[in-house]
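Visitor: The residues making up each chain are set out below.
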Amino acid sequence: MSTLKDYTNKLNSLKFGEMYNNDFFLTWEKTFDELQAVWTVADALRYLRENNISTRVFDSGLGISLFRDNSTRTRFSFASACNLLGLEVQDLDEGKSQVAHGETVRETANMISFMADVIGIRDDMYIGKGNAYMREVSQAVQEGNKAGILEQRPTLVNLQCDIDHPTQCMADMLHVIHEFGGIEKLKGKKVAMTWAYSPSYGKPLSVPQGVIGLFTRLGMDVVLAHPEGYDVMPEVENVAKKNAQQSGGTFTKTSSMAEAFKDADIVYPKSWAPFAAMEKRTDLYGNGDFDGIKALEKELLAQNAQHKDWACTEELMKTTKGGKALYLHCLPADITGVSCKEGEVDASVFDRYRDPLYKQASFKPYIIAAMILLSKFKNPASLLEQLESKATPRIFNK
Amino acid sequence: MSTLKDYTNKLNSLKFGEMYNNDFFLTWEKTFDELQAVWTVADALRYLRENNISTRVFDSGLGISLFRDNSTRTRFSFASACNLLGLEVQDLDEGKSQVAHGETVRETANMISFMADVIGIRDDMYIGKGNAYMREVSQAVQEGNKAGILEQRPTLVNLQCDIDHPTQCMADMLHVIHEFGGIEKLKGKKVAMTWAYSPSYGKPLSVPQGVIGLFTRLGMDVVLAHPEGYDVMPEVENVAKKNAQQSGGTFTKTSSMAEAFKDADIVYPKSWAPFAAMEKRTDLYGNGDFDGIKALEKELLAQNAQHKDWACTEELMKTTKGGKALYLHCLPADITGVSCKEGEVDASVFDRYRDPLYKQASFKPYIIAAMILLSKFKNPASLLEQLESKATPRIFNK
Amino acid sequence: MSTLKDYTNKLNSLKFGEMYNNDFFLTWEKTFDELQAVWTVADALRYLRENNISTRVFDSGLGISLFRDNSTRTRFSFASACNLLGLEVQDLDEGKSQVAHGETVRETANMISFMADVIGIRDDMYIGKGNAYMREVSQAVQEGNKAGILEQRPTLVNLQCDIDHPTQCMADMLHVIHEFGGIEKLKGKKVAMTWAYSPSYGKPLSVPQGVIGLFTRLGMDVVLAHPEGYDVMPEVENVAKKNAQQSGGTFTKTSSMAEAFKDADIVYPKSWAPFAAMEKRTDLYGNGDFDGIKALEKELLAQNAQHKDWACTEELMKTTKGGKALYLHCLPADITGVSCKEGEVDASVFDRYRDPLYKQASFKPYIIAAMILLSKFKNPASLLEQLESKATPRIFNK
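As they're listed, the protein sequences go chains A, B and C.
As numbered in our numbering, residues 5 to 402 make up the first sequence, in order.
As numbered in our numbering, residues 5 to 402 make up the second sequence, in order.
As numbered in our numbering, residues 5 to 402 make up the third sequence, in order.
Honestly, I wouldn't trust all of these hints.
The list treats identical chains as interchangeable, and a pair is accepted whether it falls inside one copy or across any two copies.
Said to hold, decoys possible - List time: in silico DSS-like cross-link candidates among lysine-lysine, alpha-carbon distance up to 30 Å: (1) Lys402 to Lys9; (2) Lys14 to Lys322; (3) Lys394 to Lys382; (4) Lys394 to Lys19; (5) Lys402 to Lys363; (6) Lys284 to Lys189; (7) Lys19 to Lys402; (8) Lys266 to Lys298; (9) Lys150 to Lys322; (10) Lys19 to Lys246.
Source of the hints: derived by calculation from the structure; they are not laboratory data.
Required output: the full structure, derived from the provided sequences and hints.
Guide: Next comes the structure, spelled out in C-alpha cells:
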C-alpha cells in the first residue's frame, strides 16, 4: 500500500460500525473486520505522519492514563498516541490518589472524566482483577455520560490486563503483516509462542495469552510451548482453539521448545509465571499474607531455574524455517550475558533482530491511536481523507 | 438560557472590569456582578463545548499547579480547565523542588512563570498560611511583570486555602442555580450548612467557610450548624453576617442539626475540624512537635466520636422542605456502611443524589476556566461571540 | 534591534548549516556564527511572543525530559521552551523507570522516541558520565532513525552535564549582550568567574566551566579565581586558553578573589566542588563505597569552611569597574543572612541585582527553544518571517 486512498478503500470494504463509541478490552471480542480496521487506520496514521500531515483531530481534550504498575514504554506509547491526535495526557498516579473498588471507582472515574476523551488502563498484576476493573470504570463513565454528567463518553483502552495485552499483540501482528507482505500471506504460517527462562519472577500472562488469542485469528498454525506447570488461563486456550477452527488454522500445545521451533516461521520466546501461581499470589495479596508471597516467589524462582534450557539459542533458531524465523519479543528481553547471566535469548540472536524488534514496538502508538480514532469517529475513512486534503503540516514549513 | 447570545447579553449587563488582570482569592472580595460574570462565562464555555466549538483561546502558554496536599479531583479540574482554554499544565511538585517562604517564594514564583498564564494553588493545611502564601506568590509575579522579567502577569487562582474554597463553592452555587432555575429563585431559600460526623481527622474548614461566605450573597437564609466546639473562623462568620444584611437574607447559627434541616431547601452536611484545633495544629507543626500532633489527633478523634448522631439520615431528610431538599457535598463523602462504618450520610440518601452530586462537581472545571478567562480578556462577551462565529470544532469532523 | 527584519538579516549573515538535524552538547563544539544564531533566534522568538505572535511550529510532537537530579528551574525552562514551539513534554522519571547504561540505554532511547522531536537531559552528578550518557542516547536515536524505526531524529539538548551547562551559559551571555548593548561592546571587558563560599557540598562544575569556555569566545578578559585545590577540569581550562587566543581576549587564573574583582566589568561568584574531589566521588559511587562518600563530604565541608572569606561583599563590589560590575548568578544563590548564615553573596548586593538576575534567568527558555528550532529547521530566517506574516495570535483576540 502506498497512498492514503489504498487505506481508505480498505476501510470502506470493512464493517466496524460497532467500534464507534465503544471500548477495546480483548481482541477476541472484536470481529476480524474490526481488527483489520485498527491495522488499516494505524498504517494510515503512520503514512500521514511520515508525510508531515497533522492528524490532530482533537483541538482540546484529555487522555487519562492509569497505571497500576511502573511503566515507561506503555506510558510513552499512550502519550505518543494521544499527542498525535491532539489529546493532552493526565496521569492518574495512584500514589497521589488512592483508587479502590466499588463506590470509589465509580466516583473517581467520573471525577477525572469531565473532559476525558479516552482512558487508558494498565492493570495486569492480579488474576481476575485487571480486566474486571477496566469494565467497572467503563460502566461508570457510560452511566455518567447517560446521566448528563459527562458531555462525552470516554473510550476505554486496555493497555494490558490479566487476560490480554491487545495494544501489544495488535502491534506485534501489524509488524508481522508488514514483514510477510500482507494478511493474506499469513495463512498456514507456523508461530511458536514459547515460554523461555528468565531469572525474574512473576511476569504477566497477558502477552502469551494475547498472542494465542490473536494469531489464531489469521489462519496460522499456532503452537503454545511451555514446561509442565506453566499453563496459561484455560479460558484463553479455549478461545485460541475456537479461533483456529474458524480461521482455518490450528492451535496445538507441546512441552518441547524444540518441537515448537521446528520449521516455525515466527518465534516468540518469552518468560511468564504459571497461571496457577498467579492465582495463588492474588489470593495471598487479598489476605495480606506477605510471608506467603515471599515463600511463593522463592518457590517459583526455584521452579524457573529447572528450565534454564528453555532459551532461544542460535542452535534452536537454525531449526526454524530456513533458519530464519522472525523473532518477536514485547521487550525488554532478558538477554543471556547482557541483561542477565542466563536468560530468554542468546545475545547474538537478539542483536540480529534488534532493528525489527524496535520496529515491532514502533507500531504500538499507532495501534493505540487507531483504537481511539475508531471509537471517536463514525466515518474514519472520510476523516482521513479530509486530513489529507486539509494537509495541515505537523511541522510548520518543514 | 439556550443560546450564546443569552450569555453575552447577561455579561453585557454586568460590571466586572476589575477582574481583568487580577487574581481570584476569596469570593467576598468580589462584587456580586463579578460572581455572576464567573457563572455566566462558565455556562457559556459549557454551552460552546457541548456544541463542539473550540474554546482554545491560548495557542501556547502554561498553567502551573501547585498542590501542598494530595489531590486528584482538584488536579483534574484544573488540568481540564487549562486544557479547555489551550494551556498546558505543569505541576510544581514540592517533593521534587522544596518551596519555602520569603526570598525563596519570590524567586521560585518568577522562575516557574516565564511562560505561565495562570498559577493554581491549593494550600489548605495550616491556619493563617495558605491564603497568605498565595498572595505572596501573586505579589512576586506582579513585581516580576512590572520589572520586565515576565512578559505577562500570571493570574492566581485559589484552588483551596485555609479560608475559602472559591472554585468549589462557586461550582456548588452554579449547580444550585441550575437546579432552582435561576439566581432570582434563590431569595429566601433555606440552606443548612451543617457539620457531620466522620471517622477521619482534620478536614479543612474551607468548604463550610466558603459556603457561608458565598450563599449569604444571594438573599438566602443560611444556617450554620455544628456541635459545641466546632466553630469556624470568626472573621468568616462576620463576613456571612454582613453579606446577609446586604443581600436581604439571614445568617444564623445553631447547635442542632435537626433545627438546621427543618424545612431546609438545601442541605450541605459535612465534617470539618474545629478552627481552634486547626490553629493549635498549625502551631505544633511550626514547633516541629510531632508528639503533640499525634496527641491532638487522638483527642480530636475522640471528640468527633461523641457526635456520631450528626449524620444526614433518611429521617432527617424527611424533615426538609417537602422531604426533598437538595443534598450537596464537595465529595468524597463518608458514606455510612459504604466508605466507613458510621459517616456523614446514609447510603440510601447518597445513592438518591449521586447523579446531582456528580453534576455539581462537573461545574468546577468550567468555573476555573471562567476565572482564568475573566482575568485574561477585557471583553469576554465579544471573545465568546468570536469563538462561536469562528466555530473551530473541538473534535474535527465530529 | 527592534523589528523582526533585524533578526532575520542578522541570521542571513551567519553560517550555521551544521546545526540542522544536530545536537547541542558543548558551546565550544559550535562555531561563533552558530552561537550567534542561537542568540539571534532566541531574541526573535522573544520578540514574537512579546507581540502576541504564536511560534507554535509543531502541531504535535513530544519533548522528552530526563533529569538525573531534582530540578524545578531547568524543568520549567525546558517545558516552557517546548510549549512555546508546540511540543508536549513527557518526563522520563527514572524513579518510575530504571535507566541504566549500555544495551538498556539504546533500547529505552528508542522506545521513548517514536514521536519525540527533542530530548533534553540533565546529568551533572558524576565526572566522565553525564556528557558521555547524552552522546550515547543521541547515537542510539540516530541509529534508530537510520534504521527506519524512528520517523524523525530527536535533537538532543544538554540541559547540564559534568562538563558544560550550555543553556545556562548561553542565557547568561544573552543577558550580558543586552546589558552591554551588543556583542561588539564586549571586547576587552573583564569577567571574574570566581569561587565563593557556600555551606553546602558538591555543587557541579558545569557553570564555571561553561562560563570560561564561552565568555572567552567574545574577546573578553576572563579571570578564573578560586582557592587552592578548587580546580576545574584541566581540559576545559585548555579550551578557555585556546578560545582566548583566537578571540583576542585573555584567560588567566588567580587564587585571589580581590585580584579577580579589581576593575571587573562582570562578576560571577559561585561555589563549586573541586574537580579532583568530584572525580573521587564518582569512583566511590562506582564502588558503592557510601562510607567513603560520607567521609569525603565531611572533608570537603571542612575544606570549604576555610574559605568563608570568599564572598561577594559590598566591599569587593566597590573595587569593580566604577563600583558597579554586572553581578551574575545561575540561581539559587546562597545569600548571607538570608538563605544561610554565611554564603556566596551579601544580601544587599543580591537585593540590588535581583531584577537583572531574574531577567538573566528569563532568557533560558528562549535559548532552549532556539537550539531546538535551529536543529529542526533548515531556514529559520524564512520560518520566522512566515510566522510574523501569518501572525496567529498566541492569545486569541488579545
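Visitor: So, for every hint listed, does it hold in this structure?
Guide: Going through the hints against the structure:
no. : hint             : verdict
1   : Lys402 to Lys9   : both (24 Å within a copy, 21 Å between copies)
2   : Lys14 to Lys322  : neither (37 Å within a copy, 62 Å between copies)
3   : Lys394 to Lys382 : both (19 Å within a copy, 24 Å between copies)
4   : Lys394 to Lys19  : within (26 Å within a copy, 35 Å between copies)
5   : Lys402 to Lys363 : within (24 Å within a copy, 32 Å between copies)
6   : Lys284 to Lys189 : neither (41 Å within a copy, 60 Å between copies)
7   : Lys19 to Lys402  : between (37 Å within a copy, 20 Å between copies)
8   : Lys266 to Lys298 : neither (38 Å within a copy, 58 Å between copies)
9   : Lys150 to Lys322 : between (58 Å within a copy, 29 Å between copies)
10  : Lys19 to Lys246  : within (22 Å within a copy, 66 Å between copies)
Hint compliance for this structure: hints 2, 6 and 8 are not met, and every other hint is.
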